[in-house]
Amino acid sequence: MAKVYVDGQELELGADERLNGIEAAKRLGVEIPHYCWHPGLSVVASCRMCLVETGRKDPQTGQISMMPKLVPACQTPATDGTVFVTNSDNVKNARAMVEEDLLIRHPIDCPICDKAGECHLQDYHFEHGRPERRADIKPFTSRRRPVGDTVTLFVDRCIMCTRCVRFTREITGTAELMVANRGAHEEIDVFPGYPLDNKMSGNVVDLCPVGALGDKDFLYSQRVWFMKKHDGVCAGCSTGCSIHVEENQDHIYRLKPRENPHVNHWWMCDEGRYGFKYVHADNRLHGLEQRGAEGYAAKEWDE
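Heads up: the sequence shown runs through residues 1 to 303, numbered per the numbering used here.
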């Protein structure tokens with residue numbers, strides 16, 4: 001049985017278990033911040049937020065030989081004897097530098113961003129970022145454009161994690177999204193004449209860690225901290241995807257997929273995602289009514 005060590009804690013893995021550093025740390029209750037990594041997508045290790053110290057423990061002597069440089073935890077397999085250090089000064093400094101670099105080019109429009117309250121950039125900066133600013137920040141633009149019938153792209157918010165691009169390539173196989181330009185001018189975009197149009201397009205909004213992709217159906221309709229989340233099952237088809245129903249004062253604002261490895265994994269289709277509007281339809285009965293000569297009249301059960 002393989003043994004992995006995270007910040008001094010020991011984790012035993014089964015013979016067939018294949019975990020990376022992020023997953024191993026999570027088993028022990030240690031969160032390693034990350035933007036680009038997602039368990040349902042390929043590993044690119046591009047955001048560098050999950051950098052950790054790693055080494056190997058000799059099973060005979062117990063001596064630990066550490067690697068000289070930080071490595072991305074998402075790309076480092078947790079094999080027998082692997083040691084991960086996630087809270088050293090070098091690791092903390094690396095995370096702070098990543099946050100500082102991202103915020104140099106990221107608009108601080110949290111008050112009007114739908115992702116506020118569940119934004120990874122927001123949360124990670126409070127936990128791992130520096131309070132001071134070392135660079136002059138130029139006024140931000142607010143470029144936005146539709147990339148499909150259901151999704152709006154806020155160009156300047158994007159941190160280039162490429163989750164959405166990999167989703168359309170690896171999960172839907174439609175590959176509508178791409179990385180345009182190079183270097184500091186990189187942007188997410190669609191191919192000319194080929195908008196984001198697949199049966200699972202809404203998942204790219206869930207995948208986006210910062211709010212660069214907005215759901216047109218939910219945009220500016222509710223703040224996430226006012227909503228209550230309930231576990232549910234999608235009734236759109238016989239698959240029965242596990243979902244979260246998010247509502248405020250008994251009004252449903254959105255449905256989101258709930259992880260279930262046996263049914264829908266991390267995803268749900270657009271038909272199920274947007275198929276709840278009938279709940280609040282004007283022509284739907286909201287109470288007991290009785291038909292009479294002059295039409296329908298509201299009644300109570302004891303009448």
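The set of hints was computed from the structure by calculation and includes no laboratory data. From the three backbone atoms N, C-alpha and C, an ideal C-beta is built for every residue, glycine too. One thing to keep in mind: the hints can contain errors.
Claimed, not checked - Taking CB as the label site, the calculated pair distances span:
(1) ARG134 x THR174: 40 to 48 angstroms
(2) GLY173 x MET67: 32 to 40 angstroms
(3) ARG144 x ARG223: 17 to 25 angstroms
Going through the hints against the structure:
no., hint, in the structure
1, ARG134 x THR174: 40 to 48 angstroms, "42 angstroms, holds"
2, GLY173 x MET67: 32 to 40 angstroms, "37 angstroms, holds"
3, ARG144 x ARG223: 17 to 25 angstroms, "19 angstroms, holds"
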